[in-house]
Amino acid sequence: MIAYVIQRAFQALAVMIVVSLVSFMLFNFVGDPVDNMVGQEATYEERVAMRDNLGLNDPFLVQFARFVGNAVKGEFGISYRIQRPVADLIAERMPATLELVIASAFLSVLLGIPMGIYTGIRPNSWLSRSILVGSLVGVTLPTFVIGILLIYIFSVGLGVLPSFGRGEAVQLGWWSTGFLTVTGWKAIIMPSVTLALFQMTIILRLVRSEMLEVMRTDYIKFARARGLPNQIINFGHAFKNTLVPVITIVGLNLGSLIAFSIITETVFQWPGMGFLFIQAVGFADIPVMAAYLVMVAVIFVSINLFVDILYFVVDPRLRADKTVAAGN
Amino acid sequence: MRIKFLSKISFAVVTVALTSSPVFAENVIRWASQGDALTSDPHAANESPTHSASRKVYDVLYYNDKDMKLTPWLATGHKLVNAKTWEFSLRKGVKFHDGSNFTADDVKFSIERALSPTSDLKGDISSIQEVKVINSHTVQIITKEPNPIMRNQLTNVFMMSKAWSEKHKVTQPQDRAGKQETYAVRHAMGTGPFKLELREPDVKTILVKNNNWWGLKTYPHQVDKIIYTPIANQATRVAALLSGELDFILDPPLQDLDRIKNTAGLHLEQTAQVRTIFLGMNQGVKELLTSNVKGKNPLSDQRVRQAMYQAINVEAIKKKVMRGYAVPAGLITPPAVHGYTEALNKRRPYDVTAAKKLLTEAGYPSGFSIQLDCPNNRYINDEGICQAVVGMLGKIGIKVNLSAIPKTLHFPKIKNRETDFYMLGWGVSSLDSHYVFNYLVKGADKGWNGTGFADADIDATILEIGKEVDFPKRDKMIAKVWQKLRDNVNYLPIHHQVIVWAMSDKLDIPIVADDGVRFIYTKFKK
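Chains G and D supply the protein sequences, listed in that same order. If you read the first sequence in my numbering, its first letter stands for residue -16, the second for the next number, and so on. If you read the second sequence in my numbering, its first letter stands for residue 405, the second for the next number, and so on.
Here chain D stands alone, though its shape is the one from the complex (with noise of 0.2 Å):
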């Protein structure tokens, strides 16, 4: 009797919850990646995974678009009143997710928060003097030099709540040196699409949908919960789509994209990365560290970088190697960068004798000998790409030992000067070849720019391409250091790096450049 009337219940609860889900249908979106957000403040780290995070709970000025185009985001329009001064227009009706409006004050507020010395955005708007309030909606932002580009380098720059950020005690990012973890690193309060519900680092975050923001008009998506876990192992992620127990993962590994595309019910998308990997020749010391070769430096000869260029078959690379995910590179930016011209990233054609003869000419018929350094845990199948390169170079006759390592071993050898012969890839945020200039030809003892290469003429003007307002004028100056570099062989370019989600057939997002996801574009089918 009893029994009977317990499963009478059970029954009515199991029919009342099959009746009823339909009525509260929620889009739910599980998905995965490999490493969490750093953290929620979203100055605290200059960091891809976690500037993608925080582009869902807090806005931007201006916004990459899922094509990576520069969109008016809070920003409506800027006008330059001189060539120092940029003024903004601000979205009018915006709110903060407690309600309060979003002005001008909050925009001064997060830009100088972003300018502080814990920040890790100072490197990227360092060219900020000065934010003046204009009025509720208008903002001047006056840079110490006329630049450019500012508003591709406040794609990054996340505007902030000035009354939470002083109630909450975190008008400056947290200081790494410090003892107490401030509030912001797990509570984050903007007015983006999504609000932030639950924060576990390392564990899981759930955002659901800001039913009052102020883009639903233009971006009316469907998505009301975001449940994120990371998933450091790869074939656990993969195990956890297959399975159904997720809808998305951002970064399936390449021996898996068969079985993902063979299984019903799930698809890829891809698309070439803002990733460019290469390798960095040391040209410009006398003697390097790891030859045979004494007294004089052989990369310091234009025709034996050139030899080492044309010895490197990348399509085989790619075959091999990338299993087909890659795009053979001749300069070292992707597509996605202001600058970009399919002439130039036509690559010299490969060729062994060629190759050969360019080394015999060079007088180094026999080759020699060099240490590659590479990292093992950085890029797509970094180390395997390095070993692909040591045969190749092999066949010329230069005998290459490698050296793969952790990338936070690796990177300070490029850094302090203490490598011939590296690999490195290179994202570009602000989507501009100056970035690129800046960082890897512009001449310097220390930093990135492993090369040794330093050319007075080309340092001049890509400190001009910095400031050069008038666009033709810089896009010409910005074609001639590509030009140089091209023949000169500064680098190696191997390939532009290429991304692939993967995700359930009930939904479709659409896959952007930078990595980063924008569930404001996702469809659902029904």
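The following block holds chain G by itself, in its conformation from the complex (with noise of 0.2 Å):
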């Protein structure tokens, strides 16, 4: 087991490694930050005693190896573009993109389940099929339409939620959270929907498509045959063994709900992260955008790994297998 969770926790190190390798190389390609950095007035050579200052004029590699040691002892630099530390920056703005996902994940699972399990039980009632139908909107309406088009009803048109920013936050210690005001529950609506109506549209189909299948299998025949009741059918037997598929991917999307949260928090103003993260494509901030893509990676890397050991708990085969494969 410790061998196993070992082995794993290099595969991670070695794709973090590759990950901030390939994104720090991509920063080349972004523009100079020092035209954003000084006035127009700035002569050539002001410019380049900027450029050298920050260590631009380096070679690659000493940039990234500088980047790497400093990385390793928490410290990412400052901000080009608003003059603040960037783990500063990334702490303070955390909490708001959690909370949009959080909020997001909790409305697709909360909605996407029961209309799965209805449009799988009942495939051709006229509720499914128009259920169905407004799914598609789900998944063909690009994140910014549907943002704009909810401001434009829910804000210009009937004047009830706000168009943008989270309301008033309180701070907790280091967190600050918008669920204890009513302008940060009023503020957080629009953006969650939004955020979650593509997720809502993947969990959906996927339970329809496992209740199909399940319900065409022969436990399911016998336990109506043996007279159960159409509720403990649906729920007790079939529901139950779609769970694994979901629960797989509803874990891996929170990861990619992080990516998607930036269009979303763009339109909506929404302080946090991915915002952040855009702002700094735009000024070729490049330690905001080094320390951000780093992050998404861990992110991504621990729930693979989290995930990788779960299987480990969950499935005797691949314990056994390795057992064997120890000579045990």
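The hints are simulated quantities; they were obtained by calculation from the structure and are not laboratory data. Hints should not be assumed to be uniformly reliable.
Stated by the list, open to error - DSSO-like, lysine-lysine: derived pairs with alpha carbons at most 30 Å apart:
hint, chain 1, residue 1, chain 2, residue 2
1, D, K629, G, K169
2, G, K56, D, K583
3, D, K750, D, K724
4, D, K910, G, K169
5, G, K169, D, K608
6, D, K573, G, K56
Make the complex out of the two chains shown on their own, each in a separate frame, by following the hints.
This is the structure in structure tokens:
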């Protein structure tokens, strides 16, 4: 078991190094940050001096080694754009993004699963058909358009929800939460719906196809033959067996929710990490971009590592093979 | 019973809230623009949104008022002691937000801070050699060379408190390669009309009225509180204005202007900005990088440049690309700048036949090919303008290949001479032609003049303009350089950018050509 975990951890580390190397290479293509940092009056010599000071004139590998060296110590430098330490910026923005992601994950699960079950059990009812047609909207319309559409309906048209921002946030230690104020709850509704729509559709369709599959199996027929009530068959037997792939997908999608939140955050001026990143790209703010990409890689790699270990715990075959392979 | 009791309480609360609101009525302005100021440190970033934010909390010696007129501000008067020495008398009785007095020591400290290595303003005021304190309310600024526009160059040098800066260890602006954030990045304490109450960069900034501001008698504004939230997305920004969550937006997108204008309770203000959009042509090199003409440079021929000029229909660009919000330009500097005249701004006529004839005379009857480099996220509809130019030059046989890229990639191409034909926009903070000449006309291997134009006589004249303190003589020299530029067609002027502000009818904020809000001129309609 320990050997397996260590092996996985090393793989994760290797992935991290490759990800940071590739993302670092990409920074060569975002342009010159110095142009954004100094006014148009700065002379050529001043610009060169600034580049030297920032270490941008060093060879690529030297820059990378310095970045990794500092990153290991937890130092990501100062944002070129807003002149604040990157670690502070990310720590300040992370609660906003995580709250948004959690709210969307809840929404997509709480709405997606019941609708999936219903459309799976009654595939031919008019309600199922309209849910499925409606769900196409969730997959086909870009997040951006959905966000703007919601703003125009609920902010401009009806005037009931705020079009931007996070409302009033309450500081709990280092974590700022919007869940403790009315304005905070109002502000999170539209962004979380926008972000949840795509995930909800995926979950809905996954649950539906799994349900259709399971409903055809022999044990459901036997259960019916035994005269069990529909409710027990549907939920006790069928639904339970659809859950394994659904849980895997929901878990893995948490990572992509964080990634998708970039667009949602931009539309709603949500003060999260995705928004920070997109502004950093526009400015060629290398310290922020580097730290963000490393952090996203950490999130993905840890989720995968966690899932791998869970498999080991859940799946006895994996354990047996390893013990056999080890010669015990 | 209990429910009744509760509802009574809530009724009472509501009544109190409703009836008491007029008593506490505050004039609050909630506004937004695309991007926040980069820092609260007034010397750390030479960028107009940052200057605009600093101007609310900090004061300057000389101020550009709402009409961009130079106005004595913390300085009350000046005299030239000799060609290189300016003496300024300072306003008396001015207090910082912490109650301390503003004196000559603070002026000396602030100017020296703005000249320090980590300051981004040092280029603007590099002519200053020394600042001398004469007495508590008189300072002398000694320049390396005579400097006729000293006062104009001080309009963005904000005055900080020496004692406050020493106390918080911010006697120098933030070092970008450093590790620690300095105190001044998120805190500000000046003598200005507003006090900084809350600063969350990129999220929210709250300013409150400074009731002890020295200028309240002359500028008796009624703005009690200003809440600023940056909103990066255009559509969201407009939606927030339409829904009444904001009172004012600085940069509404062109395509939404009609909608805002037609919405009850909102109105627009517009003016020509101090920024002109133009195209530069590299006429200095032997052979172009991207042209099919080899062994010679078609752009070196004045006739070719004039042909390109006359082939561009700026009225069409104004109408179609800019939806009417542009002022066609005949020179590369806008009306607010000293040295601009209507005569110079008159364009050569748009004439495709004449352009074709000029090209034939120059030896390119069937045109040539060239790449146009253009930013796609810097100026209003920058890429759209370039696309229009491609089509127009195509009509006279010049095959233009458009490369539209982000500003972070575009500007280095100009400065490193890696482009033949490029778009550039130029704002003028000192409001003087010398600034334009120095960066865009004077010959240089690197930097903003990517045209390769270099003329010894013109360069000498520009140097003279920089230090001539006899103003009529200086104006003549400025006119001479502009005329030369016009005859030689160094650049293809397109238009002076027009800025539009959108606001609620309950307030009236005069629009300013440098796109910086002066809230002290706000009028509320009851």
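Cross-check of the supplied hints:
1. The hinted pair formed by D:K629 and G:K169 meets the criterion: a straight-line CA distance of about 24 Å does not exceed 30 Å.
2. At most 30 Å may separate the alpha-carbon atoms for a hinted pair to count; G:K56 and D:K583 meet this at roughly 13 Å.
3. With a CA separation close to 21 Å, the supplied pair D:K750 and D:K724 stays within the 30 Å bound.
4. With a C-alpha separation of about 27 Å, the suggested pair D:K910 and G:K169 falls inside the 30 Å cut-off, and the hint holds.
5. The suggested pairing of G:K169 with D:K608 holds, with an alpha-carbon distance near 18 Å, which does not exceed 30 Å.
6. Of the supplied pair hints, the one linking D:K573 and G:K56 holds, its CA atoms being roughly 26 Å apart against a limit of 30 Å.
In this structure, none of the earlier numbered hints is contradicted; all agree with it.
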